[in-house]
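J.: Chain A is already provided as a structure; the job is to place chain B on it using the hints.
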Amino acid sequence: MQDDVILEVRNLKKYFKTNSGIVHAVDDCSFTINKGRTLGVVGESGCGKSTTGRCILRLIEPTSGSIRFKGQEITTMNRRQMLKVRKNMQIIFQDPYYSLNPRNTVYQSIVAPIKQNNLMPGASRAQIEERVLELMSTVGLAERMINSYPHELDGGRRQRIGIARALAMEPEFIVCDEPVSALDVSIQAQILNLLQELQEKRNLTYMFITHDLSVVNYFSDDIVVMYLGQIVEKAPARELFDNPLHPYTRALLSAALEPVAGANKKRIQLKGELSSPLDPGDECRFAKRCTHHCPECNCGTPKLVEVSPDHFVACHLVKQLT
Amino acid sequence: MSRNTLTSRRYKRRSPVRDFFHRLTRNKGACVGLVIIGILIVILIFSFFIDYKDVTKQDLSNRFLKPSWEHPFGTDDTGRDLFLRTLYGTRYSLSIGFGATFLAALLGVIIGSFAGYYGGWVDDVIMRLTDILASIPAMLLGMVIVSILGGSVRNLIIAVGICSVQYYIRITRASIMAIRGQEYVEAAKVIGMSDTKIIFTQILPNAFSPIIVTFSATIGIAILVSASLSFIGLGVSVPMPEWGALVSSGRNVLRTAPYLSAFPGLFIMITVLAFNIIGDGLRDALDPKMKR
Numbered sequence: 000m001q002d003d004v005i006l007e008v009r010n011l012k013k014y015f016k017t018n019s020g021i022v023h024a025v026d027d028c029s030f031t032i033n034k035g036r037t038l039g040v041v042g043e044s045g046c047g048k049s050t051t052g053r054c055i056l057r058l059i060e061p062t063s064g065s066i067r068f069k070g071q072e073i074t075t076m077n078r079r080q081m082l083k084v085r086k087n088m089q090i091i092f093q094d095p096y097y098s099l100n101p102r103n104t105v106y107q108s109i110v111a112p113i114k115q116n117n118l119m120p121g122a123s124r125a126q127i128e129e130r131v132l133e134l135m136s137t138v139g140l141a142e143r144m145i146n147s148y149p150h151e152l153d154g155g156r157r158q159r160i161g162i163a164r165a166l167a168m169e170p171e172f173i174v175c176d177e178p179v180s181a182l183d184v185s186i187q188a189q190i191l192n193l194l195q196e197l198q199e200k201r202n203l204t205y206m207f208i209t210h211d212l213s214v215v216n217y218f219s220d221d222i223v224v225m226y227l228g229q230i231v232e233k234a235p236a237r238e239l240f241d242n243p244l245h246p247y248t249r250a251l252l253s254a255a256l257e258p259v260a261g262a263n264k265k266r267i268q269l270k271g272e273l274s275s276p277l278d279p280g281d282e283c284r285f286a287k288r289c290t291h292h293c294p295e296c297n298c299g300t301p302k303l304v305e306v307s308p309d310h311f312v313a314c315h316l317v318k319q320l321t
Numbered sequence: 000m001s002r003n004t005l006t007s008r009r010y011k012r013r014s015p016v017r018d019f020f021h022r023l024t025r026n027k028g029a030c031v032g033l034v035i036i037g038i039l040i041v042i043l044i045f046s047f048f049i050d051y052k053d054v055t056k057q058d059l060s061n062r063f064l065k066p067s068w069e070h071p072f073g074t075d076d077t078g079r080d081l082f083l084r085t086l087y088g089t090r091y092s093l094s095i096g097f098g099a100t101f102l103a104a105l106l107g108v109i110i111g112s113f114a115g116y117y118g119g120w121v122d123d124v125i126m127r128l129t130d131i132l133a134s135i136p137a138m139l140l141g142m143v144i145v146s147i148l149g150g151s152v153r154n155l156i157i158a159v160g161i162c163s164v165q166y167y168i169r170i171t172r173a174s175i176m177a178i179r180g181q182e183y184v185e186a187a188k189v190i191g192m193s194d195t196k197i198i199f200t201q202i203l204p205n206a207f208s209p210i211i212v213t214f215s216a217t218i219g220i221a222i223l224v225s226a227s228l229s230f231i232g233l234g235v236s237v238p239m240p241e242w243g244a245l246v247s248s249g250r251n252v253l254r255t256a257p258y259l260s261a262f263p264g265l266f267i268m269i270t271v272l273a274f275n276i277i278g279d280g281l282r283d284a285l286d287p288k289m290k291r
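Protein chains in written order, with numbering that gives the first Met the number 0: chain A, 0 to 321; chain B, 0 to 291.
Cβ-Cβ distance ranges computed for the label pairs, FRET-style: (1) R201(A) to I40(B): 52 to 60 angstroms; (2) R17(B) to R78(A): 36 to 44 angstroms; (3) F20(B) to A125(A): 21 to 29 angstroms; (4) Q126(A) to R17(B): 23 to 31 angstroms; (5) S65(A) to T195(B): 26 to 34 angstroms; (6) G35(A) to F199(B): 35 to 43 angstroms.
Calculated from the structure, these hints are not laboratory results.
Bear in mind the structure is a predicted one, so any value in this text is a computation, not a measurement.
Glycine included, each C-beta is placed from N, C-alpha and C at the ideal position.
With the rest of the complex left out, here is chain A:
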C-alpha cells in the first residue's frame, strides 16, 4: 500500500467558528489514495465529505493536519507554490447549474484554465480552439455547442463542460464532489461511464465524494465512510460491501435499494436525528442513533482499529461486531 501514494491526508481538522459554538466539520481524518485508484467517500449530508475535498484543494484552509500531495506538504505552501500543485489537482463540482459562469460560453469556460495558466504558450487562436474542440470531444460534447451558454444546455452536458474544464489542466488527481447527484439517473450512468473511461485512459486518480452507495460501489477501489466529521470505517470496496462492521455502515448499506423483490425487508432503520457537530463531547458521535448502543459508547471517541488487513473500524464494540 506504500507504493505510489499520490495523496496522503493525516489528522485533517477543519473547525468553523460560529456564534453558537465551534462546528467540527472535519475532525481528525486520515487516509491515503494511491495513483490510478479511486477513493470513495460516503456519508450523509453535513458529514464533512465536501469540506474534506475542498480542504485538499485548499479552497478552504484546514484548521490543522497535514496533506501531502506526491510527497509535498501543501498546507504550508504559499500562493505561487500552490498554483503549481493545483495544475495537478482539479475538482468537479456537484451542481453543474452553479459551477459554470452563466455569462461564459462553453468555449470560454473550457479555455479559461488554458489561458490562465498559459498552458499552450505561443499557440495561435486556431490551435487553442482545436484544443478546446478536442477536450469537448473527449467528454462527448458535440462541436456545435462550442458557443452555447450553460443555460441552453441540460445538466449532463453542463457536467461534461465541468469535466472538460478540469481535464484542460491535465491533472493527475481529481476530486469529484458528488458529480452526479444533481443529475437524472440515466444521465448519471453516462457521466459515471465517462469518468471511468477517462480514468482508464489517463490513469487518473479520483477522490469520489457521494452519498449514493450504489454509485460508490460501481466506482471505487477503497471506501471511507464518514459520520459527523469523522471516519468511522475504511476498507477496500469489496470488503466493505461484503463485510460491513460499523453499525452506521450497516445501516447505510441496508438503506441502499436492491433491485430484487423482497430484498429490502430487513432494513436497519436509524432512529433520531443527526446529532449536532457543534462542540461534540468526547464520546462516540453515532452512539445516540446506534442500534448497538451501550454505556461504553459514551467513554471517549473510538479510534480507528485495523480489524483485518486494510479494514479499519472506529467503534468501541468492534470485538462484538466481528
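T.: Okay, now just chain B, sitting in the frame of chain A:
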C-alpha cells in the same frame, strides 16, 4: 486546408459585444431612451454655438413674456430668453449628472466589491464607514464639501458623487455576497485565478444588473441634488443656466409664469426618464439568459 482553419471558420465565435447590441436594439423602450439621449447630445453640441452673451442678455422691457415663436419657452424676470438658457444648461446638468454618477459608481463598485468578496473585518470597516457617510444628509454633506472646495462644476461633481457613493457600495456588496459562494467562483480559484481577477471577470459581470439600474436612477438624483445645491447658492455660480437653478428661480413666480419652471423641469424629467428606460434595457441586454 488544415482542420484548424476549417473549425475556426465553421464555429465563428459569438461576439459578446455584438450580442449585446443586438439585444439592446431589439428593446423598444431602450431605443426611445437612446433617441432622447441622442437628441440631448445634439442639443449639447448645438449649445456650443450659442453665444454666452445672448444667454445672459437682459431685456427689462420684455420681462415674463409668454412662450411665443420668438421666445419658445418665454422670458424670465430679467427678460432673458429661457429657450436659449435651457439649451445652454444641458452641458451643466449632463456633465454633473454623468460625472458625479460615474465617480460614485467607480468608487462604490471597487470598494463594495472588496467588502463583499472578503467579508470579515474588511467588510465591517468599510460598511461602518459607509454607515457614517449615509447618516449625514446628502444635502448637508454636499454643502460641506462644496463650501470647502468652492463652487464649480468640477467640485459639484465631486460633492454629488461622494453623496451617492454609498448606494453603489451597498448594492455591489450585496450582489457580490450572493455570487461569491457560487461554485463557479471556486472553479475559478481552482484554475489559479487571483482574487482581483475573479472579482472583475467572474463576479462583477454577474452582479452588474443592479449596478446598471442604480446608475441610471442616480443620474437623475445627481441632477436634482446639484440643482438643489445651485438653488442655495452653492452650486455653479448664479448666472449659469443650470436646469435645476432655472426651476428654482422660476419658483417665486410659479403662479403668474408657470412656464419658467415647467420647461426646465420637463427637460430634467425627460432626461431622467430616458436614463431609467435605458437602464432597464441595458439590464436585459447584459443578461445572456434573455430570450434572443
